[in-house]
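Given the coordinates of chain A, work out where chain B should sit on it, guided by the hints.
Protein chains: 2
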Amino acid sequence: MQIHLHQTHHDIADFHGIFNTFKFKLNGIAENHGIHLFPELFLTGYPLADLVVQRPFIDSYLKFLKQIDAWSTSLDPNPNINALIGGLDYHFDDQNLPEKVRNVAFHFTPGVPLKVVYTKILLPNYDIFDEEKYFTPGDTPSILELNGLRIGLLICEDMWVSSHHSVDPVQQLQNLIQSTNPVDLVVNLSGSPFHLGKESKRHSRGKEISSLLQAPFFYVNRVGGEDEVLFDGGSFAVNSKDLIYKGNLFHEDSKRLVIPDFLGITENKEIKNQENTWEDLFKANLNRNTTPVTLNTLLDEDMEVLLHGLAFGLQEYARKCGFNKFLVALSGGIDSTLALTIAKLALKPGQEIEAIYMPSIFSASISYELSKALCENLQIPLKSLPIKFFHSSIKHAFSDNIGSDLEGLADENIQSRLRAALLYARSNQSGAMTLNTSNKSEIAVGYSTLYGDSVGAISILGDLYKTEIFELCRFINKKFENIIPEGIITREPSAELRENQTDSQSLPTYERLDAMLEGILSYRLSLKELHELGFTKKEINKVYGLYTKSEYKRRQFCPIIKVRAKSFGFGYRVPICKSKFVNY
Amino acid sequence: MQIHLHQTHHDIADFHGIFNTFKFKLNGIAENHGIHLFPELFLTGYPLADLVVQRPFIDSYLKFLKQIDAWSTSLDPNPNINALIGGLDYHFDDQNLPEKVRNVAFHFTPGVPLKVVYTKILLPNYDIFDEEKYFTPGDTPSILELNGLRIGLLICEDMWVSSHHSVDPVQQLQNLIQSTNPVDLVVNLSGSPFHLGKESKRHSRGKEISSLLQAPFFYVNRVGGEDEVLFDGGSFAVNSKDLIYKGNLFHEDSKRLVIPDFLGITENKEIKNQENTWEDLFKANLNRNTTPVTLNTLLDEDMEVLLHGLAFGLQEYARKCGFNKFLVALSGGIDSTLALTIAKLALKPGQEIEAIYMPSIFSASISYELSKALCENLQIPLKSLPIKFFHSSIKHAFSDNIGSDLEGLADENIQSRLRAALLYARSNQSGAMTLNTSNKSEIAVGYSTLYGDSVGAISILGDLYKTEIFELCRFINKKFENIIPEGIITREPSAELRENQTDSQSLPTYERLDAMLEGILSYRLSLKELHELGFTKKEINKVYGLYTKSEYKRRQFCPIIKVRAKSFGFGYRVPICKSKFVNY
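Order-wise, the sequence lines are chains A and B.
Going by the numbering used here, 184 is the number at position 203 of the first sequence; the sequence numbering is gapless.
Going by the numbering used here, 563 is the number at position 582 of the second sequence; the sequence numbering is gapless.
Treat the hints loosely; a few may be bogus.
Any copy, or any two copies together, can satisfy a pair, since identical chains are not distinguished.
What the hints assert, rightly or not - Taking lysine to aspartate or glutamate and the EDC-like style, the derived pairs with C-alpha atoms no more than 16 Å apart in a straight line are:
hint: 1; residue 1: LYS179; residue 2: GLU282
hint: 2; residue 1: LYS561; residue 2: ASP31
hint: 3; residue 1: LYS264; residue 2: ASP74
hint: 4; residue 1: LYS364; residue 2: ASP381
hint: 5; residue 1: LYS561; residue 2: ASP(-8)
Because the hints were derived from the structure by calculation, they are not lab data.
Fair warning: this is a prediction, and the values are worked out from it, not measured in the lab.
Extracted from the complex, chain A is given alone in its bound form:
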């Protein structure tokens, strides 16, 4: 028996595209006999959020389901072709409002309408996940019999286990197997978001399940970027010992596997019960062997995956918003440099990218020289639009019309906001998508100007700490022959908004700052624990104070491509107004 893993790349609510993908996958392959596996919620896309309860979405989806059934029943029955497909199952109340919406697996075979064969039991409801808001959980394990094969069914989160969950779908399936007959395979239809380090955990847990249920485990995951969330694919098949097959990351993929390859090799081994709940996910990514603690450094293979994911996320957002041009405001600093470099490395044929440099009276001449050198290396056109004159005109107008001089913070921020206005004027003019250039450290302490350097359609660096920005630049230089001028990496970071300003005047070193932030943002460490890990009370209180006070800037931030378990953005939900409760 053949198993086809269809790692699809489709967009939410694009029913026309989804239908075409489905028919193509079933018809377009040479040997389509066997069991075709499609991802979780393949028929709708994921995550849908409120679309699930919006009537125009519901109507379109129901119409689409009817189209599939009409198509299926127009085909000659063929029991050798079967598909398991993720989708939504709606039940309406007497007012025709959705009373129960279930995240289900449909069974498809030519000549027959779609049929629900399993309902997802474990609905993730932490961080970016709100599934309990929209879906009604299933409560029954399911074994499907197809052509003499017994198939254990799971949907995404169902494969994970936690002492914090009241149910364990794998255990339920195991109980069912023990009270009936063994299964020949276990499948998991997934729509699992990417974060760095998650893939190896999926493999380990897959092997555990294979061992527990004494059958090979097939995992099919979708590919796509949905606003800030990336789906990496990485579909795979394992037995209890080995990874038999692994699909591409961030790329559509279809693979035919043959069941006998997996037989006779499952065996028991110790079960660790790998968890995938927030308790497990949000571990602080800290090296506790240093004093003070430091962020764990990135491995080369991590950086490969990060660059791949960020480029993919950027291109997905651009494609869906209809952009083929990109625009970056270059300052001569390391953040805008990395954003521009990643965008350039991600560029597809026919796309364009442009940089714009907007110096003020506080911009060092080296900033321009480094920006120019970078753009020459990257072969990117660099426009220059000094703000000095506008800045001084505005200062005069405030003195003359308002009767008060622009000074201090007001004078710093107006430069940043003028640049944002000009950047977007250029974006409107050229039709280019503007990239945000902020990093996670800046965003965490509010070290940016709202409506100024914080603007952008999407942030590609906002889930990376400043020290990781440096690591990635060095990695890129190693890989691409020093494409980034060394001077950009070695100069002292500065916002250049006043005379001789440097970041180190207002912040701890980035090495210390990033480690403190990781402790705080993991939600795990108390301020007292941070102190015990080697930081001074003074710097902890300063960083924690900056963090809590800058919530209002994050609330108005653009989507940040998510590459970590805990990120700013949709899954980060913290009130703007709150007491700081610094308690030590």
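Only chain B this time, still in chain A's reference frame:
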């Protein structure tokens, strides 16, 4: 026996303030014998979102609980003083991570530590509510016996019922009463957000519960503004027929009631099972007796409550962010006029407000005259800062430095963004909080410039449609002797970003637009139904297209004070990138 309803006004995570409030309420009143009722989550504030799982918050809260217990056990026992207080009950796993967090009622009596007496059963998880993300529900109804009185306990959502919920806590309490003994009273500790029209539903349902459980019903709700969400208070007591007492709206309140006043008057009546789930809340607020349908007009008493609530929400946000000055960019149009007027009406002693007028070459002279007349009426200083010169300088710079003229949309948007930069320069200079002036209609169709006229610390009009802006202005003029110049209300709306521009060139009439938007934003109506309700396919497709395409602007919007069941903001969660699935 006396019941004290403490409608407290306290801030989230302000443990010091909460402790003081608690002690003051218990000690500072003349006759403190009896049962003191405090709102849901009084001890922490609400909504907390991720604070619930952040270690610094948890540590501070646990320390605070210990302080209360220490204080209590230092007091002489007095069984005549009892309090029921909402709070959180944490249970930790072996890694000291929060395994179960329960939303509970604590019993307090002097001399004794706090004791959990009830756990909230029904956790709201729709719209702005994410309680299932953070809390573990209770499953047991509770009757507390105090000094011979039997008290039925409920927390907030527990009082509501829905066919969409699998449990009905009122029914559970009723079953418990039937299997034991009658109760003398039923109490509901609430933290219930405001929206227009909700109060009367609370009263009706309270009477039903009184009838079902054959006892008076006491409801205590908190007061406060938490970012965009308002808590209106409105604590009350009912029997099955009558509203016996009703507390203030949007104001701290404490009331002593005596139980015998309620006795002997409960009776059965028909139960309607009033619902409070999203299915019931998000009914489209449309008058279906017109063709096309129209928004229901606001009643005078609704507008009183709205003005009260908006002023309260603005002041709450300002207080918590530490602002005593306000700043509004006046255009001479109706939105900025209403924002300025409401802010002025809300002004407290010692606070200041300023308006700034920033004309471009497209601003009509009447815009200045009307702005000036308004500011004279309101006695608000008006600054003038023309952008004409900056605008033309920037246009020249684009032609000269970029080699391309600023035209069309780019030329319109730069004016709006220049104004935003100048507005915030003034805000930085004077230390004033900047008010956003957008309305719900504009926000829904993206009829604003990102980082331009869409900026602000908080939006006070963003939950009101444009036609409601007009209604409120007329109501204010009726109430405050035509304080708003009539010319502002009667002139044709325009963004004044190009020659002779008017809103009606790009949009349907606001009457039609608002009704279509209400249909769409209620999530209830399909596009086909909108057509059947009297709109043309062309205008529906246009409005729906504008709505779906402008999600990216809403994602970066400031908090909008919530006055309706369904609002943009935290409870509105729609992907930016999605297919439009216009299906007819």
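Results for each hint:
no.	hint	result
1	LYS179 / GLU282	within (13 Å within a copy, 55 Å between copies)
2	LYS561 / ASP31	between (32 Å within a copy, 14 Å between copies)
3	LYS264 / ASP74	between (42 Å within a copy, 15 Å between copies)
4	LYS364 / ASP381	between (32 Å within a copy, 11 Å between copies)
5	LYS561 / ASP(-8)	between (41 Å within a copy, 11 Å between copies)
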